[in-house]
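*Asks:* Each chain, letter by letter, is given below.
Number of protein chains: 2
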Amino acid sequence: MKSDKIKMNLQCPMPKLDFDIITLGHGSGGLLTNKLLETGVFDLLKNDLLDEHMDGARFSLDGPLAFSTDSYVITPVFFPGGNIGELAVNGTINDLAMCGARPRYLSLALIIEEGLSMRAFWDIIVSVKFAAEAAGVLVVTGDTKVVERGKGDHIFINTSGIGQVHPDARLGANCVKAGDKIILSGPVATHGIAIMSVREGLEFETDIESDTCALHFAVETLLDRFGPAVHLMRDPTRGGVAMVLNEIARDCRLGVDILEKNIPVLDAVQGGCELLGLDPLYVANEGVFIAIVEAAKADEILQTLRTDPCGAHAAIIGEVVEAHPRQVVLQSKIGGKRVVNMPLGEQLPRIC
Amino acid sequence: MKSDKIKMNLQCPMPKLDFDIITLGHGSGGLLTNKLLETGVFDLLKNDLLDEHMDGARFSLDGPLAFSTDSYVITPVFFPGGNIGELAVNGTINDLAMCGARPRYLSLALIIEEGLSMRAFWDIIVSVKFAAEAAGVLVVTGDTKVVERGKGDHIFINTSGIGQVHPDARLGANCVKAGDKIILSGPVATHGIAIMSVREGLEFETDIESDTCALHFAVETLLDRFGPAVHLMRDPTRGGVAMVLNEIARDCRLGVDILEKNIPVLDAVQGGCELLGLDPLYVANEGVFIAIVEAAKADEILQTLRTDPCGAHAAIIGEVVEAHPRQVVLQSKIGGKRVVNMPLGEQLPRIC
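Going down the list, the protein sequences come from chains A and B.
So the first sequence is residues 1467 to 1818, counted in our numbering.
So the second sequence is residues 1467 to 1818, counted in our numbering.
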């Protein structure tokens, strides 16, 4: 789900408050914290499990579970195509999806820097609400802390999530074998370039928007139809496709061959990468995933994925090979070959 | 478990590293992040479920579950009696215990400020390890982010946790009735005064140590023996006993009467409170809980709780009443009565 600020503001107008910025007292656990949360926030996120007045949520969930956590420290917190709120929801949903799980319940823990405007706070929580609704997950427990000015940066959000593992999921590095095909679900580097285009000191004109979205519906369709033919999934966030393919090669002790010409990159994103001198393979993504699949089923899986909105530009970008174990080798558009190494650090910090 | 730094350092010496502070690159998700985590950290926290190379942990857990989250932003991160690492483990364990659950799995998400020394990082993670082991919980998934100097404060830690609800737990505001007794498990205000004694600009000489500890073993014993006779539990962290009793009165729509003379406070803590002009009822705790229990079983529950190390000073401090609904009334040592209001904010921010 992408931020549609006008629609959201109409549906969820900010309540009238007697404060317009968040102060240290709002993180005290006292009356002010209650006021901040009860003035609409609990209403926004309302569901039967949300522990408004308990120390945790209680529920029953059958079958094997997946559990994941991520903190989001992205700067700026509002960026083209979204904000930290929906990013935090989608990001943890996607981590669960990569475990083959249907995300069910999320926690939401906020670390707010004193002075954050109530307007920004509200827009972020509204965005959490819409992202969670669109994905069919419930925010069931949370925490709010406030730190002094200069000890944080607007807002950091941690989401942890619990999901139910698909009964036909057989995912793991040990399931991958030479010959498997590598499917990429969509164009790369979009999120990273969208953030960089508005990063202080680096601004450039473009209409690229972050690709942040929830991938679990697409994943569920693949597991429903192809189950054990999907051998491993990973979403290439920090460190990009280069990082994830290197991790896969390392964990499977096999080689990875990819074809540059098959890797989808939006024209504007390619332009942004050239402007900044970046290789799109190393730039962060928030709305694509890599699936390592049984070769015999690869075309069918690809066609199925392409029917999903998040997979319209999916492509088979390469395969797993016996040769050069633990190494990722790219064949360039002009036919040359080069090793794609793990990135040492990130081109820019705080991309998610 | 309290920090025993000498013992921990002997058992878990810091590995030799080619960096002695944490830099932005360590939060990139690239090679440097791997290096930080694989240089001992994964070894320290090792267990079969820890998702070293997956996006989440997978496991099965029977029965109703509890799920809770908390971020820890305490300053200073090393304080008398502990550090932010064990606080983050014990705090989330206690939130699960208050839901009547046996804590099983934790997530650990770090937001590190660039420049944190590797020594401090290591000591904190070692402390996480020992606290988790002592409590019988596993850290199964995690995340590491690094923010620039001046955009964080040493380290913030989020832990989320999953526990299994005790089959005999019948806890909730709707279970509380007039006549129920209020048990406090130990002396109040110890954590808050320990932190304040070392807070910049406020230092005073004392040997008070934080009471941070895991309460779930004591809780489990009570639920094993008394099950439905325990009606509600809550740990009075931020906002102290005053906040929690007010929340209970509000949620149960009943009154709360407490006796000042019955409320245990260590002498040194009482002295600290007087020095700082604080009411111990409003000061944060990390190792005590309040249980609202069936009157007929109260003495027996108290005696049982006193056999647990964390409950040695437990006391019945008052009762739930029909009179003055939603209000907490304290009878002072000299016999006067006063209303104990909800705190507006906190005396000092970032106490946990």
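What the hints contain is simulated information worked out from the structure, not anything from laboratory work.
Remember, predicted model here, so these are calculated numbers, not experimental data.
Watch out, some of these pointers could steer you wrong.
For identical chains, the list gives no copy identity; a pair is met inside one copy or between any two copies.
[To be verified] Listed below are the simulated DSSO-like cross-link pairs for lysine-lysine, each with C-alpha atoms no more than 30 Å apart in a straight line:
| hint | residue 1 | residue 2 |
| --- | --- | --- |
| 1 | K1803 | K1473 |
| 2 | K1799 | K1512 |
| 3 | K1643 | K1473 |
| 4 | K1763 | K1727 |
| 5 | K1727 | K1512 |
| 6 | K1727 | K1501 |
| 7 | K1643 | K1501 |
| 8 | K1727 | K1473 |
| 9 | K1643 | K1482 |
| 10 | K1763 | K1643 |
| 11 | K1803 | K1501 |
| 12 | K1643 | K1512 |
| 13 | K1512 | K1501 |
| 14 | K1763 | K1482 |
*Asks:* To test your reading of the hints: which numbers does this structure violate?
*Replies:* Hint check: 1, 2, 3, 5, 6, 8, 9 and 14 fail, others pass.
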